[in-house]
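> Starting from two chains that each stand alone, build the complex the way the hints lay out.
These protein sequence lines are chains E and G, in that order. Residue 31 is where the first sequence starts when you use the numbering used here, and the numbers rise one by one after that. Residue 198 is where the second sequence starts when you use the numbering used here, and the numbers rise one by one after that.
Fair warning: there could be bad hints in the mix.
Listed next, the stretches of chain G that the computed footprint assigns to chain E, with coverage defined by at least 3 CB atoms under 8 Å from CB atoms of chain E [stated by the list, open to error]: (1) 286–297; (2) 483–491; (3) 497–509.
Simulated from the structure, these hints should not be mistaken for laboratory data. No experiment lies behind these values; they were computed from the predicted model shown. By construction, the Cβ of each residue, glycine as well, lies at the ideal position given by its N, Cα and C atoms.
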Amino acid sequence: MIQQREPTPIGRVVATELKPATPHQFHFWTANETTIGIGAIVRVEEPGERPGKGGGGRVVYGVVTDGFAYSDLATPLHDVVGAEGDPAKATESPTVRQEIRLWTAAVLRQHPEEPLQPVPLGAVYVASDADVAQALRMDAYVAGAQPTGIPVGLYTAAGLEAPVYLDADFLLGPEAAHLNISGVSGLATKTSAVEFLLASIFQHFPAHKGRIAALCFNVKGPDLCFLDRPGPLDEADRRRYERLGITPQPFERVRYYAPFKADGVNLNTLRTHPDLVGDVEPLVWGLAEVLDFAEVLLNRDDIDAKADAFIDFLSDRVLNKEFDDGFGGSHRVQSFADLDGLFRAIFDGLELSGRSDMWRTHHIATIRKVRNRLSNISTRCKGLVTDDGPSNDLPWGRFEDRTVYVVDVANVDPLGQDLVFARAVSKLREHLERRDLGVEAVVVFVDELNKYAPGDGPETYVRKMLLDISERGRYLGLVLFAAEQFRSQVHRRVVGNAGTTLFGRMDADELATPGYHVLSPAIKIKLATLPIGELMLRHPHFTQPIFVRFPRPAVLRGRDGVERFPPGADLPFEEAVVRQLVRLDRRIRPNQVKDLIAERRPDDVRRALAAVRRTRPDDALAYFRRMLGARVAPAAAPAREAVPPLNPISEEPY
Amino acid sequence: MAGSWVDAILAAGAVPASYVPDASAGRTDVEEFTGADLVEDAELRTRSVADARPLSPGAVGFLDGIEQWRVVGYGGVTPIVRGYVAAAVRRRGPDRRLRTGSEQSRELAITRLESLAAPVRRALETGGVDVVEFAAEDAGQPARAIQAARRELERTRLALERELAERCLAGLGPDEWLVVDGVLSDSVALSAHPRAVGVIKSHGAQYFEGAELERALTLPAGHRTSVFEPRSRGARRAIYSWYLRFWPWEGNDLLYGLVRVEARAHPDTLARASALSAWLERERSPLSTPDARWDRLLYPIHDVETYLRSRAPRDLLSPPGSRLPRTGS
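In isolation and in its complexed conformation, chain G is listed as follows (with noise of 0.2 Å):
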């Protein structure tokens, strides 16, 4: 299908490229500083979760996305973007193996059409393909453009994540969880569920100052936060959330081996923390590596990553070759 819309807007007019911008750094945090209040204790503390006995749910559903994109054309200097994006639920059992439970995915062009030529238009909106526009004022610059069009592409993955996850909660065992990369307080449905957990290993948003957000970040091995409650921000739901740490950050960074858990705002989550805690704690085996944020990321989301990347179409990937012009021979 790619093939089709892609060479409709190139047989009207579109200047053929390739090109793969850098990658986007995933899904980050609010990179603001919003705020918490505590639930757990009067002042952050930390609290070991050694002694904690693990959750152990008898299935776990894992939920990660993806996103591809390609600069397949300009029309004058606006970008047109090819972007694929995808999702997947693997879902563990009792034999500890991953399954895919349910995945989706779509493709799109992303580009400003307006400002394209009226062939090159009418075949992007004949071509069978969703078309996503970015905002008017982003479409003159094309490094602007092409950044817009990378917002985009991540607001459909989002999109298709919380699709896909509200659809799995829906069909969600009574001893089954759905653990999430990154935050859950997105949805309704995922904020408000009893068993979703979501894990975010990004830390743009800043919840403390001072005293309390050095004791945060500078947790050690094998504790977790007092449980505090992010200042609600746009349309964000009430979530309950602390800090874990897998692996001892000295002598590395202060964010290594640290990530963020958000799950619902119920005094239940409270009684359980430390127990999903030492259950989160328990999935940092067998590492994810060798994907570079192996200290912070599990290995059944690195092992949806892998699935989703390997049947994500070949052509979105960056060309192993050089990008010197070709030469005439």
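The shape of chain E in the complex, shown without the other chains (with noise of 0.2 Å):
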């Protein structure tokens, strides 16, 4: 719906030799009661000519990016004369001294473009509806045969509630990509921004440009875990909705995903409500998950090459085949159970055979190593990583369409997380390339920038991975949604690469940092006191940052998700294991499950379960009771394919 143009002008544009009016900034005054602010959008005019009508008048549009009152006033001291030091006199005088609101505003977008000219003195009005479709480039993608145009939030100023649109070519691919959040924490800003648009992305992602998925890392409490239960939405929020042209309701598809905790059968996660954890399914990975990325686990403090070509050999020679230990012993190595058992044999075959500290030019040393991390990992992230048994992954390969892929390791350790966000990320890249995946672009949500991708510190596997996606990922459809406190100590590789910015409400003390030495002090007064729901947007085609407000997401929000579905408390070993089967088939009976795990080994149960949850049988109690009558095998591992190393990553960005 374009509004009506209000054509009485608001204020003027004035320039003398000290502030001149340039092709890039202009100052214009206005009454002392207006409706413009910081962040207008206004319509500059030139005087006489009717733009558009043959005239040929130039029209520029700019944002306002600071504004100035000051009265005739000479010096301060007069007032003090005036009021005879009193400062209860100074409201007494008569009159108001005459005073003046000026303000200086950024060029967004002249008419005609060329020749690039300074601003004239022109009338200046507050923008319509569609004026800040010309301001912001928008009129490029919004409409057309195939309109690419993505609701962002509404432009609101002077009265005015204008639809922003960002252009999916630049905010998905292929032109640019990746979107990038700052904002100081607690304001339920990010992941609501965040929350929103991928629900816009849903709805307006253009058909032309395929399927789309989202993969989002919930890394911290219940944020992420209720985006399929309908939050409160008020009036506002509704009409917000309706002018932006989004339906208001959660995601219809979403999956989630958590580890186990310890035990092996309780989830990890804060969605473990009766009524929810039904729809979580366990991430369980095995030796061979890990071991395709156990750079993740070495880098951090003593990679060297000798543990890295000894990691090699076990992913080459060992990982799924008949393999040789050299003292006589076979072994097939499968799980992490497997390895502990090859790696015992090598140490104690070179104790008794007494030879030298060498197995396959392999020093015991760098063996140990190897077995420590390893073994490490399977300590510290038990629940996520199995010891021996089956492992549950993410649907490779069949990504369904507008579906959100929640990846729940709030509560994992950070090693296991950084394996989590490294395997995850990785396989999506794998598939991408291979055009495989089941969507043609994903969104990957990663909050916390500041700890995967910080500007200094070591080079971590997880950082490279992000600055090849940041750099190269809008090639393959992977884009990186990413969301900071403080964008200043993320890599500059990774927040420079990304084509679309938000910033929430700004800590002083950030925006004190080079990066925002580009805003003006009254942006960054606006950044520093921006109220929920209101945020700064740079898009590539926006030549100046706009100010928009978006409204509350329509999914319950993790604090609110919490309270109305309080975690379940963990259960007892047999109690989950009911649970776990009960929901696979709901025939199943809790006394027979009781019956026949009683007495049984956990780890066995765990195998069986694990057995019955990848296998869905029809009589799944039958199955884990057969699965339970001896030791569980583990499947098959098919043939692997080698995931292709990063590209080594340059400091040349280009």
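Written as structure tokens, this is what we have:
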């Protein structure tokens, strides 16, 4: 809906020798009582002629970046003299001094664009819907045969609420991609903004660009645990949704993944309310899944070429192969338990044979170090990494359109979080390169980017991978939506490659860092005091930052979710097994399960349970009984498709 | 419009000029001893206005005018002056802000037509501009002619101010006053109106002698003199007047912060002279700086001047550059 432009001017451009109008900036005054403020978009018309009517009058769109007010008071001392030193008397003056509201605006767009000239000294109008679209160059992608506009919020100023759209080609690739959002914590802005934007993307992603999904890592609390549940919206929110053309509803398809706790049966997530926990899939990885990303585990402290070579040896020559240890033993390593058996055989063999400290050119110290690291992950991430049993992973190759995949690693050891992140993103990259993920584009949402891609500190695998996504992901459809509290502390190439940037309320210290020097003091003050639900937005089509307001996401906020759906207490082992089996087959009676697992080793029970979960048989109880009867043989691992190594990252960004 | 008649006279043979004479001294009081009759006291006294309850009208109009001029050409040695006069009333309501109530302006050419060559004269007469002539005896010596032109311009401005003031009086509300920058006694309507007051900043006229003169001119701050009636001079009407000091003069100048107030010659004026004075004293704030006359210039009057100057033709102002001859390059 295009609103009619109010033809009454609200100001006039003024230019002096000291404050001239330039092609990029101009100044204008308004009445003291005005609806204009910092961030408002205005339109300047060259006097005398009507643009677009054959007269060729220049029209300039600008955004207000600074404001000044002053009176005709020559010096403050004169005010003191006039009030005879009494501040109370100053307000008793019969006449109010003449004042001015003088504004500085940065040029967003000129029409005609060539020749580029100083802003004419014309009348200033409040921008209308159509003006906002013109000013932000949205006319190029919101209309047309294949529109690519994604609503991001409402520009609100001077009583106007004009939708602002991002260009999908520049938000999700291939022209540019990635989104970065900064802001202080605790104002429910960063996560809310991403939730709202994902909903907007899912409803407005252009059909010609194919299918899209999102993979969100829940790294703190219950933030993303209730995306499928409706949240409260007020009238203003509903009006904003309507204005933006978005249906306010929770995500239709959300798949939750969470590792187990150390007991191997209770899920390590806050979405454990009995009504909801059934939707949460366990995320369990075995040796094969971990070994591909062993570098994640090793690069923190003491990666060296020898350890690296030994891990490569294990991956290439040992894993999932019949392997002779050289001491007469034969091994087929498919799990951490199998691998530990091999390590024991090597150590025993070397000790008994009295031979040197070398085994197949690898020093025993290197072997011990690798063993320690690998056993460390299976200990620290017990529940995510299984010592001995089948894995349960994200549905690689079967990603569904408009589906959010939430991986809850909030309570996982940081090392495990790195591992989950590295493996999930690498698998995404691998499948997107092969075009067999199931969707053409995936948005990966990572919070706490300060932690994963810090500007300083040691080079980590995760940071290298984030750099790789930010620099090359747009060609693949792998799009990074990242959030952090302090943008200045994130690797500059990660934030620099984000085509779209959002800023919530910012900390004053953060605003004092060099990255914000391009912003005027007024914009900084506005940023430091932004209310919840308002953001500053930068996008490749917008020549200046724009303030937008977005409605509350239509999903249940994490903290509201845990109040409405309090997490269930950890169940005793038996009860947890019963619940999981009943979820798979409603016909199962709890006592049947309890009788079956009585006096059985928990590891055997977990293995059998995992086998049922993986196989999904028609008669789950019978299958569970059969699996319990003997050691559950791990499934034959499919032929491993090596994950392509990351391209070497150089300091050269191009 | 200005450009058209100036171009026409230049095309007709007038020699172009661009000269803004030194600013006039503004509207001055009569520079002679006239004498006055005391109406409040037997002899001139000083009275404090500190205890008086200030008059507080619901609305006030402030009237002032400006004049600007430039010599734009010479016909022989006779200057042709382009003049601009304007006046405005800025009205102050309960919100204490000043807004323009009414305004008027006029552009004119001032010269001596018979001293000009026929083509230049014709160009002026048909140029669509009001032509005002100074006296024939002033047409010879250019310096005298320019001063005569200035006097004509001032007369035109005063007439414009008077016209605007009288129009404004007709629409004055029951609780509304009109404060005029200058004397009231030039106008019948102004001098007879119960809610018109004139504030005179210049003190050319001498109404007292001896001790009374000294008492009047050494008036302490926050004091007024007894009300007196200046003796009639020519066409001037009966008016009541008194001196009022806004700021202490000691350490400055004798006339520093000193104004003379004029109001209707009526017993009511006598009764509220102190209340009027207390009100006007309140008007000294806010200060009308950076105007050099800020010690006597009421801020609203300063505001009217600022308003008028902002709307005056820009090409009548003194050029910022030097008047050195142009070089060939």
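> Determine for every hint whether it applies to the structure shown.
Against the structure, the hints:
| no. | hint | result |
| --- | --- | --- |
| 1 | 286–297 | holds (count 5) |
| 2 | 483–491 | holds (count 4) |
| 3 | 497–509 | holds (count 3) |
Of the hints listed earlier, there is not a single one the structure fails to meet.
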